[in-house]
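Engineer: The residues making up each chain are set out below.
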Amino acid sequence: MQARFMCGALVALAGSLAAQAPVAPTVAPKVKGPSKAEFRVGGIMVQGERNYDFLGSIGTATGTIKGVEVLLRGSGAGLYVRSMSGEFGTQPIVVSADARLLLGRPGFTIFAGVGRRGLKGLKDKVYDMVQGGVSSTLSIGGTGLRTHISGNIILATEKDEPGGVAASVKNASKGIEGEAAIFYRLPKTPFFLNLGYRTEVFNAVSGNNDAPEEVRGLRLGAGLQFGGR
Amino acid sequence: MRLAGARLAILLTVCLFNFARPLGAQGNPIDDVIRLAIDAWNDLKYPTADSIARRVLTMQSATAAQRSLAQMVMAAAAYPEEKADQKPAVALATLKQLLRVNYDAKMPPELSWAGLDSLMEVARRTTFGMQVTGDAAQTAIGVDGSAKIHVKSNKQGFFRLIITAKAGNAVAVVDSITGTADGDISFKTMRDEKPIFATGDYNVLITAFEPGARGDTVTTQLALRVEAPALTFLTVPTTMDSTKMLKERTGKYGAKALLPALLTGGAAFFLSSQLHGGGGLAASEPTSIGAHSVGAGVAGGIVVATLLAGFADKGRVITANVAANKAAGEAFQKSIVDATTENRRRITEYRTVLNFDLGVR
Chain A
1 MQARFMCGAL VALAGSLAAQ APVAPTVAPK VKGPSKAEFR VGGIMVQGER
51 NYDFLGSIGT ATGTIKGVEV LLRGSGAGLY VRSMSGEFGT QPIVVSADAR
101 LLLGRPGFTI FAGVGRRGLK GLKDKVYDMV QGGVSSTLSI GGTGLRTHIS
151 GNIILATEKD EPGGVAASVK NASKGIEGEA AIFYRLPKTP FFLNLGYRTE
201 VFNAVSGNND APEEVRGLRL GAGLQFGGR
Chain B
230 MRLAGARLAI LLTVCLFNFA RPLGAQGNPI DDVIRLAIDA WNDLKYPTAD
280 SIARRVLTMQ SATAAQRSLA QMVMAAAAYP EEKADQKPAV ALATLKQLLR
330 VNYDAKMPPE LSWAGLDSLM EVARRTTFGM QVTGDAAQTA IGVDGSAKIH
380 VKSNKQGFFR LIITAKAGNA VAVVDSITGT ADGDISFKTM RDEKPIFATG
430 DYNVLITAFE PGARGDTVTT QLALRVEAPA LTFLTVPTTM DSTKMLKERT
480 GKYGAKALLP ALLTGGAAFF LSSQLHGGGG LAASEPTSIG AHSVGAGVAG
530 GIVVATLLAG FADKGRVITA NVAANKAAGE AFQKSIVDAT TENRRRITEY
580 RTVLNFDLGV R
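Here the protein sequences come in this chain order: A and B.
Each residue of the first sequence is one higher than the one before, counting from 1 in this note's numbering.
Each residue of the second sequence is one higher than the one before, counting from 230 in this note's numbering.
Be a bit skeptical, because a hint or two may be false.
[To be verified] Cross-link-like lysine-lysine pairs, in silico, DSBU-like; alpha carbons within 30 Å at most:
1) A:Lys-159 to A:Lys-36
2) A:Lys-36 to B:Lys-274
3) B:Lys-395 to B:Lys-381
4) B:Lys-473 to A:Lys-36
5) B:Lys-377 to A:Lys-36
6) A:Lys-120 to A:Lys-174
7) B:Lys-274 to B:Lys-325
8) A:Lys-174 to A:Lys-159
9) B:Lys-395 to A:Lys-188
10) B:Lys-325 to B:Lys-417
11) B:Lys-325 to A:Lys-36
12) B:Lys-274 to A:Lys-188
13) B:Lys-473 to B:Lys-384
14) A:Lys-36 to B:Lys-384
15) A:Lys-188 to B:Lys-377
16) B:Lys-555 to A:Lys-36
17) A:Lys-188 to B:Lys-476
18) A:Lys-188 to B:Lys-481
19) B:Lys-325 to B:Lys-377
I should point out that these hints are in silico values taken from the structure, not numbers from a laboratory.
Since the structure is predicted, the reported quantities are computational estimates derived from the model, not experimental observations.
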């Protein structure tokens, strides 16, 4: 239900693309929209909390996720790679890395990817995951500000799950990740700043046990951006 | 005498007939008339020689050389060796008239004798004479192109040249030189980068002033035919057509920012308050952690920042249009340069052809 809501919002947001279409010139050349090639590399930090349900016991801890992300895209396709590591109090360290293939223009993009997610604690747990979702990035005129929304579904299996592939599929962990942010590129420089909110919910399945958790918080970022205005 | 009169009548008829024919088809009938006058002079028929020679002066088509020769026959007829027939005053006056416009004239040997030569020298000493020469066909090119007439006199003087159009008498050129007895009067054929002449016929009046209170004045007139095609210029563009300029920015984003602001801010709020994990974290469970308070602030910040950006937006620069306008501006500048260069070339290569009829009248 929640995922459907996010998808609907993204579709509606993409519809506003028509409103920012540039004025057609009286003669050639044709005006191009904000669909130029873009390369972005930057650091991200999520300042927030990790809530979990461990065998019926609800806990919460504040902490920080740090990571890097790289985006490379043209007008119709792109690649996004991200690596993060988060520490929340005495809880296990959450480590994840994923890569996504992007299809479509920035205004409305469908993406799919693979990744690995791990909990590093008393007993390490590693999950291989696939994911798919949609995103929308819109430029607010020529100000350098862009809004960004993305949402995706995660399916993951515990690495070395006893019982083989069948057990892995049967006991697949599920998750949803969502982000809403603004990116501001400083005038006449390749530097950008990022402010937003990120939530990731994940229900890790290990054997017969479920371990639901939610990691959410203020997302801050900065880095270099070339193109993509 | 009667025979000479009959021959003269026949020759004059021939002359008139020839004048009616094209110039190129003419023979030399005036020379024949002069020859007739000289023959009469040789036959000691001085009044007849004088009469025939005077008729040459009335012929419009007689050249300067023919006129000079006719005048010399008249002077010789007025001052022969036979004392009884000598009229020195008449001869001197005739020679002076001749030397005024052809001061370098020489008496042909067949008319010459010591007394006449002496009289010629007396006339030469006492007459202010001028001679006009030059290239009959001259071509002047460009703003500095010029034509020239050579003037020469037996005394230093002041020479003035006036060129007037035969049609309308408009003065085209006035020029002069002074303090010389031998020089060129040069005149340009363009003024202020425009042709002075139009194609047509002109009169060239050259006047020589003898210095001194009792100085003489001699005037010579030449015919001039000018070939000067109209000098036309390309129109140099002065203003660009602003209607062809492309818009260099998109329209202001303005209120259109409301939708992305609300959607992004709403999504942030949703992520912080509505998206929960399963199990005991689910929203329906009493153990749910609930909304994350930071989310509302972030959502509000996103909304405000997006709206502010939208209303502060001046439009996105349309790079292609900027380049197109720049190219249009450069093309406009180039069209100015091209037109100016072409007009400059037309000026510098403009040719005026002048054909002087140097037969002094």
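Engineer: Now look at each hint and say whether the structure bears it out.
Structural biologist: Right, here's what the structure says about each hint:
1. A:Lys-159 to A:Lys-36: violated (39 Å)
2. A:Lys-36 to B:Lys-274: violated (113 Å)
3. B:Lys-395 to B:Lys-381: holds (26 Å)
4. B:Lys-473 to A:Lys-36: holds (27 Å)
5. B:Lys-377 to A:Lys-36: Judged against 30 Å, a Cα distance of about 72 Å means the pair is violated.
6. A:Lys-120 to A:Lys-174: Distance ~19 Å between Lys-120 of chain A and Lys-174 of chain A Cα, so the pair holds.
7. B:Lys-274 to B:Lys-325: Roughly 23 Å separates the two Cα atoms, so the pair holds.
8. A:Lys-174 to A:Lys-159: holds (14 Å)
9. B:Lys-395 to A:Lys-188: Not OK: Lys-395 of chain B and Lys-188 of chain A at ~73 Å, beyond 30 Å, violated.
10. B:Lys-325 to B:Lys-417: violated (34 Å)
11. B:Lys-325 to A:Lys-36: violated (98 Å)
12. B:Lys-274 to A:Lys-188: violated (111 Å)
13. B:Lys-473 to B:Lys-384: Distance of about 71 Å is beyond 30 Å: violated.
14. A:Lys-36 to B:Lys-384: violated (90 Å)
15. A:Lys-188 to B:Lys-377: violated (68 Å)
16. B:Lys-555 to A:Lys-36: holds (22 Å)
17. A:Lys-188 to B:Lys-476: holds (21 Å)
18. A:Lys-188 to B:Lys-481: With a Cα-Cα distance of about 20 Å, the restraint between Lys-188 of chain A and Lys-481 of chain B holds, given a limit of 30 Å.
19. B:Lys-325 to B:Lys-377: It holds: about 27 Å lies between the C-alpha atoms, which stays within 30 Å.
The structure fails hints 1, 2, 5, 9, 10, 11, 12, 13, 14, 15 (numbered hints given earlier, in ascending order).
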